[in-house]
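Sequence order for the protein chains is A and B.
Last residue of the first sequence? That's 222 in my numbering, and every number before it is there in order.
Last residue of the second sequence? That's 222 in my numbering, and every number before it is there in order.
None of these hints come from the bench; they were simulated from the model.
Any given hint could turn out to be false.
Which copy is meant is left open, so a pair is good if it fits within one copy or across any two.
Below are the BS3-like pairs computed for lysine-lysine, each with C-alpha atoms no more than 30 Å apart in a straight line [to be verified]: (1) Lys149 to Lys160; (2) Lys201 to Lys101; (3) Lys10 to Lys160.
Protein chains: 2
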Amino acid sequence: MRASDRAYRKLLDEIVAGELPAGTVLGEVEQSERLGVSRTPLREAFNRLVADGMLNTEPGRGVVVSQLSLETVTELYEVREGLEEQAARLAAQRADKEVFKKLWEEFENSKSLILGGEIGANVFYELNAKFDDAIDEAIQNPYMVATLKNVRTHMARVRKLARSNPARLLEAASETQLIVEAIAIGDAALAAHATHVHLHKSHSRVSAAVREQLAKINKEVA
Amino acid sequence: MRASDRAYRKLLDEIVAGELPAGTVLGEVEQSERLGVSRTPLREAFNRLVADGMLNTEPGRGVVVSQLSLETVTELYEVREGLEEQAARLAAQRADKEVFKKLWEEFENSKSLILGGEIGANVFYELNAKFDDAIDEAIQNPYMVATLKNVRTHMARVRKLARSNPARLLEAASETQLIVEAIAIGDAALAAHATHVHLHKSHSRVSAAVREQLAKINKEVA
DNA sequence: GTTATCTTTTCTGTATACAATCTTGTTGTT
DNA sequence: AACAACAAGATTGTATACAGAAAAGATAAC
Chain A
1 MRASDRAYRK LLDEIVAGEL PAGTVLGEVE QSERLGVSRT PLREAFNRLV
51 ADGMLNTEPG RGVVVSQLSL ETVTELYEVR EGLEEQAARL AAQRADKEVF
101 KKLWEEFENS KSLILGGEIG ANVFYELNAK FDDAIDEAIQ NPYMVATLKN
151 VRTHMARVRK LARSNPARLL EAASETQLIV EAIAIGDAAL AAHATHVHLH
201 KSHSRVSAAV REQLAKINKE VA
Chain B
1 MRASDRAYRK LLDEIVAGEL PAGTVLGEVE QSERLGVSRT PLREAFNRLV
51 ADGMLNTEPG RGVVVSQLSL ETVTELYEVR EGLEEQAARL AAQRADKEVF
101 KKLWEEFENS KSLILGGEIG ANVFYELNAK FDDAIDEAIQ NPYMVATLKN
151 VRTHMARVRK LARSNPARLL EAASETQLIV EAIAIGDAAL AAHATHVHLH
201 KSHSRVSAAV REQLAKINKE VA
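Assemble the whole structure, with the sequences as input and the hints as a guide.
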């Protein structure tokens, strides 16, 4: 693997994981030394992260880890609404229905797992990743897949900031399962509307969680 | 302006204008010499264009100008549907209505200009750019604006390939004017639906034009 | 005490050199 | 004649050196 890729992955992971919190200023020399690559591949990584919207180049100051606020979360959800409703619609029209029927079963299983007190989050996140992959394969639109990929990276970061409790996970699982069902029966309108509902509720849940989290951080600072 | 920016702009312009047709293989040394910059900033430009989806890195062969086919046009329109309907909805909710009322007047004027046989295309494209800018300002969502920007660059390339005739421009102007009207009166549902209609018809028009164009190219080759 | 200017230091942007990998063409063998 | 192996060449990825610009700090002037 190329040095620039390693630097990109590492930095992205650290940003998503919150190890590099929003507002952190990253110097080229400093980071190239830390990551053990020279400035050239590091700059490539920086540029990609700027294009992704994970870093911002502040005029004279260098690159800064982009802020995550309630506003940016809302902005993200507004894009998701447009994009994912459309993706759900297309998936309902084009998907291999068998795939989504099986996926539906898996959601049914995982719901009892989460209820049963198993390590719920992991089960759920894995299943969600499977769902995303199934959507990507179904829509057969590389350009849309690429756009969705970026959205998901940002969402991963938001989720880390606002970890959910089992009750919320279960809600989300139910909502997603309905989308899966709609796609499995080829009902495009239902798929789109169920996605809208899911995103609306998810936005509420995430906003609440982020608000709590930000309040905690502010308290710590004070 | 930085050398990497100049290289990026120049290459993007040439790709959009069709001077670098789809399939053209670009070598690093070759292009850095042609553009008068060293390999380092050129690579930065290449990377940005790859991220934009204008270039593809073929495993051992180098970067290649990405293909434009009927399929990719359709893919682009599918993303536009999701994104621009949402943008229109948000704009209807948030826009300064005065701005869009004035824009409506301008569309009214330009329609007679196009009808009157003036250099129609330029009038229309300028007005369209104004419309895009007004949307960007209205929605107040930097993340969505960034996503839209990329879509529009791709559309510019498609439009160059499929130049429209005055009749088609006039149709498009009417459709867009309705979107403007919907936003001016704050009717989000109408704005979204008018956008859907516009994109549907635009897709038909562009597909037809691209089909003709591709047929012509194939004839020349044969 | 405040402001302005100059100097020093750091950082960004670019060029270039080097190393490793992959292509391609040629030669030799079956 | 076909295929394989090797060598020459090109090309990509990385490191590093240098130049120019910008920021911070210090000193001087008002």
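Within a copy, between copies, both or neither: which one fits Lys201 and Lys101 at a CA-CA cutoff of 30 Å?
within (24 Å within a copy, 35 Å between copies)
Classify it for me, Lys149 with Lys160: is the Cα-Cα distance of at most 30 Å met within a copy, between copies, both or neither?
both (17 Å within a copy, 28 Å between copies)
One pair to classify: Lys10 and Lys160, alpha carbons no more than 30 Å apart. Within, between, both, or neither?
Answer is within: at 16 Å inside a copy they meet the 30 Å cutoff, but 40 Å across does not.
Against the hints set out earlier in the document, no violation occurs for any number.
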